[in-house]
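Student: The listed protein sequences correspond, in order, to chains A and B. Using the working numbering, read the first sequence as starting at 316 and increasing by one per residue. Using the working numbering, read the second sequence as starting at 19 and increasing by one per residue.
Don't read these hints as lab results, they were simulated from the structure. In this text, all values refer to a predicted model and were calculated from it rather than measured experimentally. Using N, Cα and C, we set each Cβ at its ideal position, and we do this for glycine too. A portion of the hints provided could be inaccurate.
As the list claims (entries may be wrong) - Chain B is faced by these chain A residues, among others (derived, beta-carbon under 8 Å):
#1 Arg384
#2 Arg507
#3 Arg511
#4 Asp514
#5 Thr517
#6 Leu518
#7 Val521
#8 Ser525
#9 Leu526
#10 Gly527
#11 Ser529
#12 Ala531
#13 Asp571
#14 Arg572
#15 Arg573
#16 Pro574
Chain by chain, the residues run as shown.
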Amino acid sequence: MTRANLLLLLALAVAVPLSLLAGRVWLDPWATPNAAVILGELRLPRALLAVAIGGGLGAAGAAMQGYLRNPLADPGLFGIAPGAALGAVLSLLLGLASGWWLPLFALAGAAGAMGLLALIAGRAGGIALFTLAGMMIASLAGALTSLAISLAPNAFATSEIVVWLMGALTDRGWPDVALAAPPTLAGIALLRLAGRGLDALTLGEVAARSLGVSPARLQALVVAGVGLTVGSGVAVAGVIGFVGLMVPHLVRPLTDRRPSSLIVPSALAGALLVLLADCVCRILPLATELRLGIALSLLGAPFFLHLLLKMRREVA
Amino acid sequence: MTRDEANKGVGPGESVSSGESVSSGESRSPGRRSAAQAALGSGSSPERTGRPELAASDVHMAGRLAGISAALRPGEVTAICGPNGAGKSTLLQCLAGLLEPDSGEVLLDGAPIRSLHPRERARAIGYLPQDGEIAWDLSVRNLVALGRLPHGDGGGVQVAGALAALDLESFASRPVSTLSGGERARALLARVLAGEPRWILADEPLAALDLGHQLALIAHLKQAARDGAGVVLVLHDLALAINHADRVLVLDQGRLAADDAPEIALDPGLIGRVWGVPARWLGEPGERALVAG
Numbered sequence: 316m317t318r319a320n321l322l323l324l325l326a327l328a329v330a331v332p333l334s335l336l337a338g339r340v341w342l343d344p345w346a347t348p349n350a351a352v353i354l355g356e357l358r359l360p361r362a363l364l365a366v367a368i369g370g371g372l373g374a375a376g377a378a379m380q381g382y383l384r385n386p387l388a389d390p391g392l393f394g395i396a397p398g399a400a401l402g403a404v405l406s407l408l409l410g411l412a413s414g415w416w417l418p419l420f421a422l423a424g425a426a427g428a429m430g431l432l433a434l435i436a437g438r439a440g441g442i443a444l445f446t447l448a449g450m451m452i453a454s455l456a457g458a459l460t461s462l463a464i465s466l467a468p469n470a471f472a473t474s475e476i477v478v479w480l481m482g483a484l485t486d487r488g489w490p491d492v493a494l495a496a497p498p499t500l501a502g503i504a505l506l507r508l509a510g511r512g513l514d515a516l517t518l519g520e521v522a523a524r525s526l527g528v529s530p531a532r533l534q535a536l537v538v539a540g541v542g543l544t545v546g547s548g549v550a551v552a553g554v555i556g557f558v559g560l561m562v563p564h565l566v567r568p569l570t571d572r573r574p575s576s577l578i579v580p581s582a583l584a585g586a587l588l589v590l591l592a593d594c595v596c597r598i599l600p601l602a603t604e605l606r607l608g609i610a611l612s613l614l615g616a617p618f619f620l621h622l623l624l625k626m627r628r629e630v631a
Numbered sequence: 019m020t021r022d023e024a025n026k027g028v029g030p031g032e033s034v035s036s037g038e039s040v041s042s043g044e045s046r047s048p049g050r051r052s053a054a055q056a057a058l059g060s061g062s063s064p065e066r067t068g069r070p071e072l073a074a075s076d077v078h079m080a081g082r083l084a085g086i087s088a089a090l091r092p093g094e095v096t097a098i099c100g101p102n103g104a105g106k107s108t109l110l111q112c113l114a115g116l117l118e119p120d121s122g123e124v125l126l127d128g129a130p131i132r133s134l135h136p137r138e139r140a141r142a143i144g145y146l147p148q149d150g151e152i153a154w155d156l157s158v159r160n161l162v163a164l165g166r167l168p169h170g171d172g173g174g175v176q177v178a179g180a181l182a183a184l185d186l187e188s189f190a191s192r193p194v195s196t197l198s199g200g201e202r203a204r205a206l207l208a209r210v211l212a213g214e215p216r217w218i219l220a221d222e223p224l225a226a227l228d229l230g231h232q233l234a235l236i237a238h239l240k241q242a243a244r245d246g247a248g249v250v251l252v253l254h255d256l257a258l259a260i261n262h263a264d265r266v267l268v269l270d271q272g273r274l275a276a277d278d279a280p281e282i283a284l285d286p287g288l289i290g291r292v293w294g295v296p297a298r299w300l301g302e303p304g305e306r307a308l309v310a311g
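Just chain A, with the same shape it has in the complex (with noise of 0.2 Å):
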């Protein structure tokens, strides 16, 4: 294990506890009353699945800039996200918002963005042409999403669907979890294979293939590993952007650089950044809780100012 992932994973064992105890009241194991019920039912889901879900959008995040070459990529790129949130604006559209329909329409978007990229992208596994039908892909999925809240039949369904886009981890419970760990966990692996692929990406696409890397299997890999882990975000916490886009940059030197160094890091900066967030959230003495999206957001767009500007004195 590498230095990164020990002291990642050394953070992430004493965030997790701690994050159990935080929140608007603080929570004292053997003082407050119904402390195991707040624990066990509540606030120890909320907090596995503020892992899951940020150690997928972490690992996502990597696997994606490594594929495009480029740092500024995020797991949104390929529509996948806006795919999964189609899907669950028409659930909630449709009144079907109950149980396990919204979480299953939200994976059928994803699906279908991830179908529909195959489809397009065809089998000779090129990269510009791939990006550009994600994009494509994730503009369409926000225009269908802007209509449907426009279709919303009355003022409290639109709401409701504005509410839920901003992403949240509030009232979520085991179900949730055992929905969303699996598929963010098959995700992660699928990523990992990915990882010599990528590295070999370093030096092109045609010295990658002469290095006896498929582009075709390559490109399944990624599609199908950010499609579990985005997807299945998606589907249980809403849209919750920048984590893909900053956990990878902070991770990067911690590591060698490698693309395959940063999937296994990233997924566990991630699981650390949005369960810290979330905390943050709840403590927040805001009339409502702030949203976990929002607020992710708000840390995120001067993040990737900052970058840019980085950026802009480095072409200086």
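Put chain B on the given structure of chain A with help from the hints.
Tutor: Showing chain B alone in chain A's frame:
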């Protein structure tokens, strides 16, 4: 897109004869196979019972290559020369198994290269692209270790050997972003050498280098050929080709205009016809300089 595509006028139909007329009497037509020589290749399986050679057999690519036949031998430095858009890079990528010809075939030791598993092909043929892209700021050692990917091992010994061969040992831990152009080119060549390929195919490996680095790098490539590898270079600089290659292929609009020893292939008359510039060589063989225009 690529400059090879600028050359759309080549009719594939006219080309077959031009490919054959210059095959330099080497009697190395890929059809003939010698089981005895198969053992020279590394993992020689029953279906690969050819002589150890990399051969193009009547290779066509629409608008780029019009019937190229040439059999390349290990232990030699072969230069591919020609004006912009003549199809040099396309031919190199076909030979590397990275582009599939519209018709015709590339044979590695007598077996069609497209029948090889990509990793098996990658172990046999190292390819050095022209752009020299390095997307992430790896250390030199990790960059060179990428050459071991087809073997699926870290290849500590081979990586150390490649670093030593190109005098990069003191740079091994440096990030590639801190290298000069010449050091970077050496590191990229070391990446290819670390895979211990039997064939090294390089697209303009010397283009961005100053004189000293050009000579140093070509010395490394000639050493690889002496060690038994087949070295195939796309070269713009005709003086480098005539002085250092064992054999020169001249491409003109997707056709083979010459395939011979450098002094014969790069005859001033042929340079005049293919490049459209009057030219003459100064100096003695091995120390030639070109005066053109």
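Student: Hint check: is the beta carbon of Asp571 of chain A less than 8 Å from a beta carbon of chain B?
Tutor: 6 Å, holds
Student: Can Ser525 of chain A be said to touch chain B, with a Cβ gap under 8 Å?
Tutor: Since chain B brings a Cβ to about 4 Å from Ser525 of chain A, closer than 8 Å, the hint holds.
Student: Would the hint on Arg573 of chain A be counted as holding, given a Cβ-Cβ threshold of 8 Å to chain B?
Tutor: With Cβ-Cβ at 6 Å, under 8 Å, it holds.
Student: Should the interface hint for Val521 of chain A be scored as holding, given a Cβ-Cβ cut-off of 8 Å against chain B?
Tutor: It holds, given that the least Cβ distance between Val521 of chain A and chain B is near 5 Å, below 8 Å.
Student: Next item in the hint list is Gly527 of chain A. Is there a CB on chain B closer than 8 Å to its CB?
Tutor: 3 Å, holds
Student: Have a go at the Ser529 of chain A hint: is there a Cβ in chain B nearer than 8 Å to its own Cβ?
Tutor: Status holds, d = 6 Å.
Student: Does the interface hint hold: is Leu526 of chain A within less than 8 Å of chain B, judged Cβ to Cβ?
Tutor: 5 Å, holds
Student: How about Asp514 of chain A: closest beta carbon in chain B under 8 Å, or not?
Tutor: 6 Å, holds
Student: With a cut-off of 8 Å, does the beta carbon of Arg511 of chain A approach a beta carbon of chain B closely enough for the hint to hold?
Tutor: 6 Å, holds
Student: Going by Cβ atoms only, is Arg572 of chain A closer than 8 Å to chain B?
Tutor: 5 Å, holds
Student: Closer than 8 Å between Cβ atoms is the bar; does Leu518 of chain A clear it against chain B? Give me holds or violated.
Tutor: This hint holds: Leu518 of chain A lies near chain B, its Cβ roughly 6 Å from the closest one there, short of 8 Å.
Student: Any CB of chain B closer than 8 Å to the CB of Arg507 of chain A?
Tutor: 15 Å, violated
Hint check: violations occur at hints 2 and 12; the rest are consistent with the structure.
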